[in-house]
Amino acid sequence: MTSGQYLLCILGMGVVTYLPRWLPLIWLSGREIPPLFVQWLKFVPASILSALVVPSLFLDPSSRTFDLTRPEFLVALPTLAFAWWSRSLGGTVLLGMILYSLAGFLLP
Amino acid sequence: MGAEMIRNTAPSWVQGMKAAWPICAGYLAIGISFGIIARQSGFTVVQIGLMSVIVFAGSAQFIAVSMISSGASVIPVITATFFVNLRHVLMSSTLSLHLKGTRKSLLTLFAYGMTDESFAVNFTRFSKGPWDIRSALTVNHAANLFWIASTIAGGYIGHLVPKGAFGLDYALTAMFLSLLVLQLTSRIVALTALVSGVLAVLFSLVLPGTWYVILATMIAATLGVMLQGSLPAAARKERRRP
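Those protein sequences? They're chains L and E, same order as listed.
If you use our numbering, the first sequence corresponds to residues 1 to 108, in order.
If you use our numbering, the second sequence corresponds to residues 1001 to 1242, in order.
Do not take every clue at face value.
[Said to hold, decoys possible] Ranges between beta-carbon positions, derived for each pair:
id, chain 1, residue 1, chain 2, residue 2, range
1, E, Ile-1157, L, Thr-2, 25 to 33 Å
2, E, Ile-1157, L, Phe-66, 35 to 43 Å
3, L, Leu-23, E, Ile-1157, 33 to 41 Å
4, E, Ala-1010, L, Phe-73, 34 to 42 Å
5, L, Thr-2, E, Gly-1229, 53 to 61 Å
6, E, Gly-1209, L, Val-15, 31 to 39 Å
7, L, Glu-32, E, Leu-1160, 53 to 61 Å
8, E, Gln-1040, L, Gln-39, 44 to 52 Å
9, E, Gly-1209, L, Thr-2, 23 to 31 Å
10, L, Thr-2, E, Ala-1010, 21 to 29 Å
11, L, Leu-68, E, Pro-1208, 18 to 26 Å
[What the hints assert, rightly or not] Pairs of lysine-lysine, BS3-like flavour, derived with a Cα cap of 25 Å:
id, chain 1, residue 1, chain 2, residue 2
12, E, Lys-1018, E, Lys-1128
13, E, Lys-1100, L, Lys-42
14, L, Lys-42, E, Lys-1104
15, E, Lys-1104, E, Lys-1128
16, L, Lys-42, E, Lys-1128
17, E, Lys-1128, E, Lys-1100
[To be verified] Pulled a few chain E residues facing chain L out of the computed Cβ check, cut under 7 Å:
id, residue
18, Ala-1111
19, Gly-1167
20, Tyr-1170
21, Leu-1177
22, Ala-1216
Read the hints as simulated data drawn from the structure, not as lab findings.
Predicted, not measured: the structure shown is a model, and the values here were computed from it.
Every residue, glycine too, gets a C-beta built ideally from N, C-alpha and C.
If we strip away everything but chain E, and leave its shape as in the complex, we get:
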């Protein structure tokens, strides 16, 4: 409790920075490898930096680089980007539950930095209480700056960094695993997560792009709502851990 109160008196941006570091570590690794690949595919450092600033989306940028370097034209690249990033509709809708009454200008700024990673961190913080839009904005934009800088650095000096240095490649996976565990507040939630994971593996074997994320999530969440409605109250009770 004491530590909790001390932590909560820190300024919003300090709390945001503390929450953002695992994302930054992960983006460093992915950003550098993006920069290397884009340079090897013939992109200039300016082009790499512009794409990171304007698009800010990890997997879509990798896909765009491979499409453009194999001769794709403008419309197919934009279409692929749209479908790859459509999953953010689900994340943005979920976060809106915690951002009621927030100024539209702040939401507009917030949306720019919303990625899988910043969504996961911010949602967990919001649902575990006190967390505000300013801390959340700090998470998004610290991650954003790190991404832009890492991709540019990758374009310049990426070839000097040994591949797989410091286990950085695993930072985001470990972060997602940890945030997943923190989300498991009841048996139904755990069951839906399990179903979603299994479905995602099956779908990703047969479906193109990132449809597997969207479909697995929608089916599993629907199953969760149906289970919630059909089970007796005792089984629904949330299990709170200290």
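Isolated chain L, as found in the complex:
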């Protein structure tokens, strides 16, 4: 890929990334949304967070093989328990980072 092609490529990437972020905001924020769709959207955040994070706990990102013994999952258990108990985002992130770096030393 030449420099010109590269520039064209990242401009195109920018457009196709920006439009899905922009269009629904502009289009939906100015009008009434059908109640059933609003109800559906209310289930989206928890579902999408779960769909993003759960596979990252169990699957190796490059080979996509399932593994129950990944440190990502083992560290997630106390991290989740702490999140439930403390309701603190900052505290949970710090604890997760500390436990994950400890796991790097302790686990094979």
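Take the given structure of chain L and dock chain E to it, following the hints.
Frame of chain L, contents of chain E only:
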């Protein structure tokens, strides 16, 4: 209550910065590793920085670098980017519920910085009340600046940073876990989240790209709406925690 009121009197951008730090910590780790990988694949620091400024999308940038360095042409890279980032349609639609009547110019600025991470933080803040577009913009653009700076720094000095330093690699996972827990306001929501997580694992084993996120979310949210409509009111009651 007292602490709540003090916090709410802080300027919007201060509240935004406070909410953004876990994202910044995570982006530091991912941005540096992106910079290292892109440099090793033959990209210049200028090319790395330009991609971060123009695209601003973590996973799509990693995919683009690996495609370009293995000889892919322009159209396939753009197509892959489109499908990887299509999930933001769902996030943007959901956030629009909280941004009714906001000026289009601010929404246009806001959309540029919307990622999985800033969506998760902003949605949680909006749904727990008082949170405004200016704080949300601060979250998006603090995260954005951190991403751009980290990828460039990774291109320059990435090789000097020990891999896995300070557990930074886990910052975003811990953040998502915590935000997920904060979203679980009723049994139906918890059930849909569980279904979505299981489906996402199954789909990611068989489907390419990030289709697993979109499909798992859409099926689980539909299930949530169906359950909501079929259960007696007592079971639907929201469980409020102090």
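Task: Verdict for Glu-32(L), Leu-1160(E) (Cβ pair) under range 53 to 61 Å - done: Hint holds: Cβ distance 55 Å, inside 53 to 61 Å.
TODO: Closer than 7 Å between Cβ atoms is the bar; does Leu-1177(E) clear it against chain L? Give me holds or violated.
DONE: This interface hint holds because 5 Å falls under the 7 Å limit.
TODO: Would you check the hint for Lys-1104(E) and Lys-1128(E), treating anything up to 25 Å between C-alpha atoms as holding?
DONE: Given pair Lys-1104(E), Lys-1128(E) holds - Cα atoms ~24 Å apart, limit 25 Å.
Open item on the list: So, as I understand it, the hint says Gly-1167(E) touches chain L; can you test that by seeing if any CB pair is closer than 7 Å?
Closed with: Holds, about 3 Å.
TODO: Hint says 18 to 26 Å; check whether the CB-CB distance for Leu-68(L) and Pro-1208(E) agrees.
DONE: 24 Å, holds
Task: Beta-carbon spacing of Leu-23(L) to Ile-1157(E) - inside the hinted bounds 33 to 41 Å or not - done: Holds, at about 38 Å.
Task: Range hint 21 to 29 Å (beta carbons of Thr-2(L) and Ala-1010(E)) holds or violated - done: 49 Å, violated
Task: Interface hint compliance - Tyr-1170(E) to chain L, C-beta minimum distance less than 7 Å - done: Tyr-1170(E) check passes; min Cβ-Cβ to chain L is 4 Å, inside 7 Å.
Task: Cβ distance range 25 to 33 Å for Ile-1157(E) and Thr-2(L), holds or violated - done: Distance hint for Ile-1157(E), Thr-2(L) holds at roughly 28 Å.
TODO: Sort out whether Lys-1128(E) lies within 25 Å of Lys-1018(E), counting only the CA atoms.
DONE: It holds: about 16 Å lies between the C-alpha atoms, which stays within 25 Å.
TODO: For the pair we were handed, Lys-1100(E) and Lys-42(L), check the Cα-Cα distance against 25 Å.
DONE: Measuring from Cα to Cα gives roughly 15 Å; hence the hint holds.
TODO: For the hint on Ala-1111(E), just tell me whether its beta-carbon gets within less than 7 Å of chain L.
DONE: 4 Å, holds
In summary, the numbered hints that this structure violates are 6 and 10.
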